[in-house]
Amino acid sequence: MNLLDVKNLKTYFYSDAGVNKAVDDVSFSIPQGKTVCIVGESGSGKSITSLSIMGLIDAPGKIESGEIIFNGVDFLKLSEKEMRSVRGRDVSMIFQEPMTSLNPSYTVGYQIDEALRLHQKHLSKKERFEKVVESLDLVGIPDPREKYREFPFKLSGGQRQRVMIAIAMACEPKLLIADEPTTALDVTIQAQVLELMNKLQKEKGTSLLFITHDLGVVSKVADEVIVMYKGHIVEKASAKELFTDPRHPYTQALLHSIPTPGVTKRKAKLATVDDSVDYLSFPKEIR
Amino acid sequence: MSDIVFEIKDLKKHYEINMGLFTKPKIIKALDGVSFNVKKGEILSIVGESGCGKSTTAKIMLKIEEATEGNILFEGTDITTLAGDELKEYRKKVQIIFQDPYSSLNPRWKVGQIIGEPLKLNTDMSDKEIKERVLYLMEKVGMLPEWYERYPHQFSGGQRQRIGIARALALNPEVIVCDEPVSALDVSIQAQVLNLLLDLQEEFNLTYIFISHDLSVVEHISDRIVVMYFGEVVEYDDVDTIFEHPKHDYTKKLIDAIPVISY
Chain G
4 MNLLDVKNLK TYFYSDAGVN KAVDDVSFSI PQGKTVCIVG ESGSGKSITS LSIMGLIDAP
64 GKIESGEIIF NGVDFLKLSE KEMRSVRGRD VSMIFQEPMT SLNPSYTVGY QIDEALRLHQ
124 KHLSKKERFE KVVESLDLVG IPDPREKYRE FPFKLSGGQR QRVMIAIAMA CEPKLLIADE
184 PTTALDVTIQ AQVLELMNKL QKEKGTSLLF ITHDLGVVSK VADEVIVMYK GHIVEKASAK
244 ELFTDPRHPY TQALLHSIPT PGVTKRKAKL ATVDDSVDYL SFPKEIR
Chain Z
-8 MSDIVFEIKD LKKHYEINMG LFTKPKIIKA LDGVSFNVKK GEILSIVGES GCGKSTTAKI
52 MLKIEEATEG NILFEGTDIT TLAGDELKEY RKKVQIIFQD PYSSLNPRWK VGQIIGEPLK
112 LNTDMSDKEI KERVLYLMEK VGMLPEWYER YPHQFSGGQR QRIGIARALA LNPEVIVCDE
172 PVSALDVSIQ AQVLNLLLDL QEEFNLTYIF ISHDLSVVEH ISDRIVVMYF GEVVEYDDVD
232 TIFEHPKHDY TKKLIDAIPV ISY
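The listed protein sequences derive, respectively, from chains G and Z.
For what it's worth, this note's numbering labels the leading residue of the first sequence as 4, then goes sequentially.
For what it's worth, this note's numbering labels the leading residue of the second sequence as -8, then goes sequentially.
What the hints contain is simulated information worked out from the structure, not anything from laboratory work.
Cβ coordinates follow ideal geometry from the N, Cα and C atoms, glycine included.
Keep in mind that a hint or two might mislead.
What the hints assert, rightly or not - Distance windows between CB atoms, simulated:
id: 1; chain 1: Z; residue 1: 141; chain 2: G; residue 2: 100; range: 27 to 35 Å
id: 2; chain 1: G; residue 1: 154; chain 2: Z; residue 2: 228; range: 38 to 46 Å
id: 3; chain 1: G; residue 1: 287; chain 2: Z; residue 2: 115; range: 52 to 60 Å
id: 4; chain 1: G; residue 1: 19; chain 2: Z; residue 2: 240; range: 52 to 60 Å
id: 5; chain 1: Z; residue 1: 100; chain 2: G; residue 2: 19; range: 23 to 31 Å
id: 6; chain 1: G; residue 1: 152; chain 2: Z; residue 2: 114; range: 19 to 27 Å
id: 7; chain 1: Z; residue 1: 240; chain 2: G; residue 2: 154; range: 29 to 37 Å
id: 8; chain 1: Z; residue 1: 100; chain 2: G; residue 2: 128; range: 51 to 59 Å
id: 9; chain 1: G; residue 1: 154; chain 2: Z; residue 2: 253; range: 55 to 63 Å
id: 10; chain 1: Z; residue 1: 238; chain 2: G; residue 2: 175; range: 53 to 61 Å
To be verified - Residues on chain Z that point at chain G, a partial pick, calculated with CB under 10 Å:
id: 11; residue: 40
id: 12; residue: 53
id: 13; residue: 55
id: 14; residue: 179
id: 15; residue: 185
id: 16; residue: 189
id: 17; residue: 191
id: 18; residue: 194
id: 19; residue: 195
id: 20; residue: 209
id: 21; residue: 241
id: 22; residue: 244
id: 23; residue: 248
Make a model of the complete structure from these sequences and hints.
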């Protein structure tokens, strides 16, 4: 059973210089309770794909055509008002920059509470407070009752990202989109955050769309992997298939460009993605 | 003795933070007794998390910051007391490549100017000689001569990092401090820049001090590694020993945390 089906999505950006086909005919599904990773380099269209799902594409960008079917409902047919009630409740998003995506002038608790105020109007103030404290506790913030009243500047990067996760998870969404959630964090903190997301997913049965350029992270979290290149999906496979038997030349180049302790010969030349090769000319590998 | 370029002895850097008029200032110990050596022609990596003091160490080595205590010997001379012409000479020999290729290049300057700037300031080369040298450097870092007249915004992150590398090479330095040179780049571009750094090291006999938090990259390029944690060196050894037999718990934790592709 798929929670989300993206079919033939095309998101284009218009400028005087012409049309930029940021996402060009992309189709994929996210099964219930699974983690799907989109990998690709800057400009491959991975972030635009996720923003399209969230309905956050603004002019000069436009969703040209396609379907985004979530639990039987096509997001592209919803009005902005209907979309607003979906965002934060059914689908949430975590952004890359924990330093800038929290509002510096509100307390941490207030910002988590916002989602509850908007989407769970039947809860009393006291119930909401307890829920916020519970969610801070869930993401592993120590002294959640005290931290409710802290402002973001007092928290470290890892803690801020935990708060972002708490905000995103506040209404227990069915789908969580994480756009490079650990890129700005130290490795040990990254490992903790990834573990936390895994744990939440298991407990709540949330489906996860995970966007990253770090293939090491992908191998830790993904069930299925989508490789994007210049707005297209060039390869789609289960994580195991992709890492053990990468078929598309672009995926192969990407995998070989990472130094892997114990595998790559020290100081040997790393393979690179060759700018002169048109990787789109190879057949797409969709498994 | 002669193969040691840098000798860093018990380096300390303390910052005082004023907590108010009547309270004693709080002291933050960014570096608390850091010692290590850098050998000629090696790649020595300094690893650790944000706030561990790796960049502070680099800044003191480059004389951007002053140490509170301790000495740094560069080829036998203590650089912590250098000033005037001697300092200028030292700075020619030790250059830096910055982390962020977007903010470390002046957006109003053309590529040729950016790379030629250190030559203009530090040598008496004529404009023509400078241009020749810049074109030579551009070729060395894999840039086309027609890009001489372009501005930084016309380049991708990887290309910009090449501009920064060419600028660092301009004065024929002996040592280059690379402060997270690839962490802002995509993996495929990262591989290109790492390949380039390794090529240049061989060709120009460079010594690199490589600062990074990415242990897979560090493992790939380093000869020796300094692991820092809260302003102190917790482990300092050659790369094989560190990765195969890490002694300190923090090093083990750091190595375990690398997301390695495994199936």
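Hint check results:
1. Z:141 to G:100: 27 to 35 Å: holds (29 Å)
2. G:154 to Z:228: 38 to 46 Å: holds (42 Å)
3. G:287 to Z:115: 52 to 60 Å: holds (59 Å)
4. G:19 to Z:240: 52 to 60 Å: holds (58 Å)
5. Z:100 to G:19: 23 to 31 Å: holds (26 Å)
6. G:152 to Z:114: 19 to 27 Å: violated (59 Å)
7. Z:240 to G:154: 29 to 37 Å: holds (33 Å)
8. Z:100 to G:128: 51 to 59 Å: With a Cβ separation near 57 Å, residue 100 (chain Z) and residue 128 (chain G) satisfy 51 to 59 Å, so the hint holds.
9. G:154 to Z:253: 55 to 63 Å: violated (40 Å)
10. Z:238 to G:175: 53 to 61 Å: Violated - the Cβ-Cβ distance for residue 238 (chain Z) and residue 175 (chain G), about 44 Å, lies outside 53 to 61 Å.
11. 40: OK, holds: residue 40 (chain Z) within 10 Å of chain G, min 4 Å.
12. 53: violated (23 Å)
13. 55: At about 23 Å, which exceeds the 10 Å cut-off, the nearest Cβ of chain G leaves the hint on residue 55 (chain Z) violated.
14. 179: holds (4 Å)
15. 185: Hint holds; residue 185 (chain Z) Cβ to chain G Cβ min 6 Å, cut 10 Å.
16. 189: holds (6 Å)
17. 191: Violated, about 13 Å.
18. 194: violated (14 Å)
19. 195: violated (16 Å)
20. 209: holds (9 Å)
21. 241: Nearest chain G Cβ about 9 Å off; hint holds.
22. 244: holds (6 Å)
23. 248: At 4 Å from the nearest chain G Cβ, residue 248 (chain Z) passes the 10 Å test, so the hint holds.
Consistency with the previously given hints fails for numbers 6, 9, 10, 12, 13, 17, 18, 19, ordered from lowest to highest.
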